[in-house]
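Peer 1: Here is how the chains run, residue by residue.
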Amino acid sequence: MVKLIKNYRRVLESMSSFFKDRKPKKKRQQNDENQTTDYPIEQIQVSLSGNLNMIKRKTGNSSDVVIREIKMGRNSDIKTAIVYVDGIVDNQSIQEYLLQSMMKDDHKEEINQHNALDLLSEDMMTIGNISSITNLDDLFASLMAGDTLILIDGVDRALSASTKGGEKRSISESTTQMVVRGPKGAFTESLGTNTAMIRRIIKTPDLWMESLKVGRVTKTDVTLMYIHGVANDKVIKEIRQRLNRIDIDSILESGYIEQLIEDETMTPFPTMYNTERPDVVAGNLLEGRIAIFVDGTPFVLLAPAVFMQFFQSAEDYYARFDIATSIRLLRIFMFLISLIAPATYVAVTTFHQEMVPTTLIVAIAAQREAVPFPAFVEALLMEITFEILREAGIRLPKAIGSAVSIVGALVIGQAAVQASIVSPAMVIIVSITAISSFATPSFDMAISARLIRFLFMLGAATFGFYGIILVLLMMVVHLCSLRSFGVPYMAPFAPFIPVNNGDTVVRLPWWTLRQRPRLISANTVREGKSQRPQPPSSRGMVNRDLEEGDNNEA
Amino acid sequence: MMTMTFLLTSCWSKKELTDLAIVAAMGLDKTKDGRYHLTLQIINPGNVAGGMQGGGGGTQSPPVTIYSASGDNIVEASRRASGRISRRLYYAHANLVVVGEKLAREEGINTLMDALDRDPEFRNTSTLVIANHSTAADLVKTLTSVDKIPANKVLKTLEFTQRKWGENVKTSLQDVMKSLESPGKGTVVSGFRLVGNPQQAEKLDNLQESAPAATLQASGIAVLKQGKLVDWLYGKPARGTVWILDKIQGTDINIDWAGKKEAIAYQTVRQKTSVSAQVKNGKPHISVHTRVEGDIGDMEVPVDITNPKVITKIEQSVRKEIKKELKTAIERAQKNKTDILGFGEVVHRSRPNQFKKLKPEWNDVYFPKLNVDITVEAYVRRAGLRNKSFLSGIKENQK
Amino acid sequence: MEKAKISASQLFILMVLFELGSALLVPLAIDAKQDAWLAILLGMVFSFVLLLVYHRLYLYYPNLLPTEYMQKILGKVMGTVLAFVYILYFMYDASRVLRDFGEMLLAFAYPDTPLFIANALLMLVIIYTIRKGIEVIARSGELLFIFMYVLAVAGFILIVSSGLIEFKNLQPVLEEGLFPVLKVVFTQTLYFPFTEVIVFTMILPYLNNPKKAKVTMLCATGLSGINLIITMLINVCVLGVNLTARSQFPLLSTVQTIQVADFLERLDVFFMLALITTIFFKICVLFYAAVVGTANLFKVKSPSRLSYPLGLIILFLSITIASNVQEHIHEGLKVAMFALHIPLLVIIPPLLLLVTFLKNRKKHRRKTFD
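Just so you know, the protein sequences line up as chains A, B and C, in that order. So in the working numbering, spot 258 of the first sequence is number 258, and the numbers just go up one at a time. With the second sequence counted from 1, adding 1000 to any position gets you the working numbering. With the third sequence counted from 1, adding 2000 to any position gets you the working numbering.
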C-alpha cells in the first residue's frame, strides 16, 4: 500500500515536472542573464543532471548521443559535461581541441560558477566558432546539427562549439552533366562544401549568402546565394517570402523546394533550373540569378529560369563561337525532332500521303502491308516499349545493363519487325526520336518533351498535320504565358530584346555579348567596350613607306 | 483509353496506307456507246519495293495491276471502279494521264480537263500524253523492263528525249490548260506509241526477253485545235515547233559539207527563242529570233576547224538549216490553221488593243496568212576533245 | 481594359500577321486580272488615309478603348449603340474568317471531316489563348512571326528554283485601262484586308509608347501590303490569270506546282501551316477586341470568362452564316461590302473624328477666351 502511494507520488512528481517542462515550450521567451537560483521553467536548467536527463529523455536515450562529464574548478567541484552526437561531429576536433583545452588548460583551476562560461569561451576554448545558447530549441538544433554542447552545473546557459564533421562524399565528377572541356568537379551533399566551391570561383565580397532552416522535422539548411547589385532585389524578396511560407515536415531534396515555390504547377515545363556543377551556378549568378542550395543534395536550384536556358550547356561558353553556335542549333533541331518526329510520321502516312515521293510511299506501303495495326497504334506501342526499356535501364545493376541493350535493340526491335508487328520505318523513327531526346542538356526539359510527344502523336492520329499544328499552337501560347519569378519564360524571344539574343539559339563571340539579360539582372553592363581581340598590326597588307613617327600602331 | 478509341474511330479523313490503291497512271478512252472508259494502273507495293517480308519465291507477279471501269464522266467511272478494287483509289501520285487517239480526235480533251483540275487529290503537274495509233488502255497495260512502274518509263522517256532530241515535249495538265485558254486555243501534246502486239505487252514474259517484243516509245507531237486532235507532227516540223516554243534543250543538227550530206553533227547546248509581234495597218507581223550555242559532235569529212573561217562557214550552214526547220514548222501549223506556236498570245501581250479586233478570227483567218520573219544566230563554241577530225589525220598520213 | 502593355514591335507583328490573315488565302483583287498587284498597291496607299483617321482618334483619347470614347463623343446612348454595332461587326468578321479557314481545310486536306469539328478545334485553341490576355497573344505572335517568315521565304525560294515564274503572264499591263483597277480598289481591296485594321483601335490603348503608334501602323500596313503584292504576283506569274481567277485558293494551287529535285512535291501542307498561323492571329485579334469591348461596355469584372460564351457564338455563327462556299463568298464580296464595310470603316470614323475635332475646337476657344 505504501509502495503504491510512493509510486503514485513519484509518478505525480515526474508528471508535474513533465508538465512543467512541457508548458513553457510553447512560449519562447528569452530568459535573463542573471544566474538566479530559481528554475527558469522553460529553459536550460541550472542543474547539470537535470539537463542531462532532459537531453536523454528527449533523444530517447539514442545510442549515438555521447555525454562526457568533466570535473573542473579548483577542487574539481564544477561539474561540466559535453554532449555530442557521434557520427556527425568531427571526433578529432573534439578530442584535440575541446577536451584537451578543457582538461589540460591552466585556467581550469579558476573556474567557478560565475565566470565559467566567459572563461571557457574567451580564454580556454581553442575551437573557432563558439556561441552561447539560452533556450531549448537552439540547444537541440545545434546538437542535432553536429555541434558539441558544453553544459555547466549551476549555469543556465550552454555553450555550443561548432564541430561539424563526419563522413562526407568527396568532390567527384558530375554524373549528370558532363563536359569535355571545363571544370570537372561537381557539388556534394554537404552545404558547406558547396557554398565554398562557389566562393572559390566568385571572389567578390558582393556575393551574399542567407541561411534558413526549412522543414519542421528535417530542419534542412537552405542557403540563398546572390551577387548584390547584379541580382534583382524584387526577385530576392519574392524568393525569401516563398521560402518562409513553406510549411512542410520534410525537405529531402531541392526538388521539394522547387515544387513548393515554383510559379506555375500546371505545366510540363520546368520554371526553375537545377544543376550540380559549380561553374554553371557561378555563370548564372553572374547573370543576375539567385541560387538556392539545399543541404543533403548536390542539385542547386537557380531562379528565375527562361526557356532557352534548358538548351544551353556549360561547354557552350568554353568553346569558340562557331562550334558553339552549330551545336546549339543542332540541339534545338534535335529537340524539335524528339517532339514531333513520331507525330509527323503518323500524320504523313495516315493523312497526307501526297507529300511523300512516290517511291518512298511505295516502300512504306510495302512494309505496312503485313502489319496489322494502324500507324498510330504502332507508334504508341513502340514508344511505350521504349519508355519501358528506358525506365528499366536506369535501375539495372551495371552487370545486367548491357544485356538490356541487347534484349531491347536486337530481340525486341528486330524480332518485332520480322514478326510483322511493327514496320521497320517505325523502328527507325522511334530510335531517332529516342536518341534526339538525349541531346537536351537539361534532364527536366527532356522529360517534358517525352510527355508532350504523346500529345502530339494523339493530335496527329486524329487530324494529321492540322492536329499537330493545333497542339503546337497551344504549346507556344502556353509557353508564352509562363513566367518564372516575374520574368517572361520566353525571354529574350518574346518580348524581343535584340541585344540579348546573341546568347540564345546561337552563341556569338564573347566580345559581342556585352550586356547581361535585361529582364533578369539589375545591372546590365557586363563588358567594357571594344573587347574584340586583335593583333597589334593590321591583317591586310601594310605599306612600308611611311615616315618615321607616322605609325600609329597600337 | 476511352478517349483514344473514341478519337480513333471517329477521325473522318484518315486514310491508312494499306487501304489505298496508289494509281500510277490513268488512261481515258471512249467506248462505243459514248461513255468514258477508264484504265487505271495500280501499283503493287509488295512487288515493287522488294519488302523485307521473307521475299516471295514461286510465281512472280507484275509490279502493277490494271483495273478498268466505264462511266458517263470521269468521276462516275472512277467511283464505279471501286467495285473491282479492294481499296480506295488514291490519285495523289498519278503522274500520267493517257488519252486515247479516238477520244482526242472525236471529242477533244476539253471536257476531260475540269474533273482533273477541280479534284484536290489529283495533281495539276501530272503529264498528259496522247496515245498514237492505239487506245489508252493498251498503253497503260504495257509492262516495261527497266522501270518497274510503266508510268515512270513514259515520264522519264519524255523528259530525257525532250532534253536530248527535242522532238517531244513533256506537257503537264496545267500547261495544256493554259494554252487551251490562250487566244490561239491550240496546243501541242506528246504522243506515245505501243510498238508490238498489245496482247503480248500485258504479259510478264514480255519482260523475260532481252529485247522485249512490245515496248512503248515516244512518237510524235499531237496538234490540238480547240481541244481536238487534228494532226500528228513527226521529224523536222515537230522539232521546229518545239524550237519556236523555246523548249528545246539539246538536239543534234546535221549540216551538209563538202558534197556529203549530213556530214557534220552540231550538238546544241543552249538556245533561246524569242517571239515578238507588231501590227501594221491592222495586219500582224511576227518576228522569231533564236540564238543557239553548241558543240561539234561528229565530222564525217576531213575538216580543218582550227581555221576560224571554217567555223564561220559551219555556223552559217547551221543557221540555214535551223531556219529551214523553223519555217517548215510554221508552215505546217499554218496549214493546220492552228496557232500552236503561241503567236496569238504574243500579239495579245504586246498589242492588246489591236489584238481584240483580230482575236475572233485569229486561227482561221489571220494566222495562216501571217508573215513570219525568222532570224537565227548560231555559234559553235567547242568541239569536244579533239580539234581536227580523225579523217583529216588519215588524209594527211596518206599524203 | 486589362492591365497589360505591349511594345511597338509587338503591335507591328500583330498587325502584319492580322492583315496577312485570310488575304493570303483568297484570290485578292483578281477582278483586275493581271493588274491585281496594282489594285493591291493602290488599296494599300488609300488605306493609309483611313489609318491616319483612326490614329488621330487614338491620339485624342490615348488611354480609352474605342467603346469608351465613342460614348464620350456621341453621348451615352448613341455611343453604346455604336460600340455594340462595332462589337457585333468584329464577331461577324471573326466568324467569317473562321468559316474561310474551315472551308479551306475541308476543300483540300480533310474532305470528309464535318466543318463543325474543324472550326471547333481551332476555336478551342483560340479560347485558351484569349483567356490569357493580350500580352500572351503578342508574345506568341513574335514567336510565330519568325516561323511564318521562314516558311514564306522557303516557299519563295522553292518556287523560284522550280523555274515556274513567267513574267510574261503579267502582260499586258493595264489592258483595259485604269478604271477596272480603281473599281476593284474601291469595292474590294480597300476594305479587305487593309482597313480591317480598325480592330486595332481596340488594342492601341495598350501600347506602352503612344508616340510610336503612327509609324508602327503605317509600316505594318506597308509590309503586309508588299507581302500581298508579291504573293499575287507570284500567283499570276506561275498560274496565269485565268487559272488564278478560277481557283478558290490560288496560293494553294501555286504551292501545289512546286516540283524540286524530284522529291519535294505537293508541299501543300506547309501552305496549310502558314495559313493556320496567320488566321489564328486574325481571329484572335478580332475575338479579343470583341471580348474586351463587351467587358468594357457591360462592365464585366473578369473578361476571361466572357471568352467561352463569345467563342461559342462565333463558332455557331461561322456554321450558320452561309450554307455553302459560293454563298459565303458572294456575301463577303457583294453584301458585306455595302452593308458593313462602307459605313463602319469609311464613313463613321471620319465622322467621329470630325465631331471630336469640333468639340476640341470649342474647348480651345472657350479656354482662350477665359
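Because the hints were derived from the structure by calculation, they are not lab data. In this text, a Cβ means the ideal position worked out from N, Cα and C, and glycines have one as well. Hints are supplied without guarantee of correctness; some may be wrong.
Partial list, computed: chain B residues near chain A (C-beta under 10 Å) [unchecked claim]: (1) I1022; (2) R1123; (3) N1124; (4) T1157; (5) G1297; (6) V1301.
Peer 1: Does the nearest C-beta of chain A fall within a distance shorter than 10 Å of the C-beta of T1157(B)?
Peer 2: 17 Å, violated
Peer 1: Measuring from the C-beta of I1022(B) to each C-beta in chain A, is the shortest one below 10 Å?
Peer 2: Status holds, d = 7 Å.
Peer 1: A closest beta-carbon separation below 10 Å is what the hint needs, so does G1297(B) meet it against chain A?
Peer 2: Given a least distance of 34 Å, the restraint on G1297(B) is violated.
Peer 1: Can the hint on R1123(B) be confirmed by a CB-to-CB distance to chain A that is less than 10 Å?
Peer 2: R1123(B) check passes; min Cβ-Cβ to chain A is 8 Å, inside 10 Å.
Peer 1: Quick check on N1124(B) please, does its C-beta sit within 10 Å of some C-beta on chain A?
Peer 2: At about 12 Å, which exceeds the 10 Å cut-off, the nearest Cβ of chain A leaves the hint on N1124(B) violated.
Peer 1: Holds or violated: is there a CB of chain A closer than 10 Å to the CB of V1301(B)?
Peer 2: 47 Å, violated
Checked against the numbered hints given earlier, the structure breaks hints 3, 4, 5 and 6 and satisfies all the rest.
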